[in-house]
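By numbering that gives the first Met the number 0, the letter at position 18 of the sequence shown is numbered 17, and the numbering carries on one by one without gaps.
Hint data in this document are derived by calculation from the structure and do not stem from the laboratory.
It is possible that part of the hints are untrue.
[Stated by the list, open to error] The list that follows gives simulated cross-link-like pairs (lysine to aspartate or glutamate, EDC-like), each with its CA atoms no further than 16 Å apart: (1) Lys200 with Glu181; (2) Lys62 with Glu181; (3) Lys33 with Asp202; (4) Lys38 with Asp89; (5) Lys38 with Asp202; (6) Lys38 with Glu69; (7) Lys200 with Glu25; (8) Lys33 with Glu80; (9) Lys58 with Glu32; (10) Lys62 with Glu25; (11) Lys76 with Glu25; (12) Lys76 with Glu181.
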Amino acid sequence: MSLAQQQPPSPAAPPTSSANPTTGQELPVILQEKIVAGKTQPGTRVQANLVVATLVNGKVIPKNALLSGEVVESRAKTSSEPSRLAVRLDSAHWKNGSASIQVYLTSLFFPVTLEAGPNLQYGPEQTPKRSWNGMGEYPSDSPAYKPFPSSAETDKQPSATSPGNTPSSVISKRATAMKGVECRRDSGGVITLVGQRSNLKVDNLTTYIFASTDLAVPSAK
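Let the hints inform the model, and build the full structure from the sequences given.
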């Protein structure tokens with residue numbers, strides 16, 4: 000999985016059943032609230048925002064669309080049992096439309112790293128322009144993009160903090176699997192994360208991938 004991959008727009012998907020309206024879809028989202036296995040109870044409603052415009056069954060769901068769903072399963076880790084967490088998003092709403100979806104939290108996310116030196120620049124030259132499912136660009140308002148500072152701001156900055164010397168948070172272009180987390184899918188299509196090492200937690204700052212099917216990516220050890 001990589002945001003750096005460039006692909007042509009996908010053709011409109013054929014009609015699907017209402018039981019699984021988003022066959023084969025992957026949506027990169029940022030949750031609006033933190034979720035902790037065992038603490039956030041099943042049935043708790045959750046909301047998230049879509050990170051990039053995504054084509055779903057022939058309809059473009061725009062960037063920042065509001066996605067809603069609920070916590071399906073939430074169990075804290077015990078001395079004998081692993082932590083379990085399943086979160087489903089089932090609808091998308093935006094200014095001029097809505098869509099039914101059915102995607103689950105997977106073990107994949109885009110980590111934030113620090114970047115410094117000559118690779119760090121101000122201005123639009125390094126604005127990431129990566130296609131996601133053939134639609135949209137990686138968000139220009141992400142930490143990977145910094146607008147060029149005004150002259151007043153530049154005058155206030157000492158030379159030691161010039162762009163070439165200042166670390167900056169940058170979202171990775173490649174998805175990473177959560178360490179020690181297994182992604183399981185049951186016969187009903189529910190995807191559940193299973194954590195053997197520690198209690199499962201997801202935050203409201205990281206870009207996570209929700210998908211309608213389990214992804215062919217091995218769990219990180």
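To see whether the hints hold, each was checked on the structure:
no., hint, result
1, Lys200 with Glu181, "holds, 14 Å"
2, Lys62 with Glu181, "violated, 29 Å"
3, Lys33 with Asp202, "holds, 4 Å"
4, Lys38 with Asp89, "violated, 22 Å"
5, Lys38 with Asp202, "holds, 13 Å"
6, Lys38 with Glu69, "holds, 14 Å"
7, Lys200 with Glu25, "violated, 20 Å"
8, Lys33 with Glu80, "violated, 22 Å"
9, Lys58 with Glu32, "violated, 27 Å"
10, Lys62 with Glu25, "holds, 14 Å"
11, Lys76 with Glu25, "violated, 28 Å"
12, Lys76 with Glu181, "holds, 14 Å"
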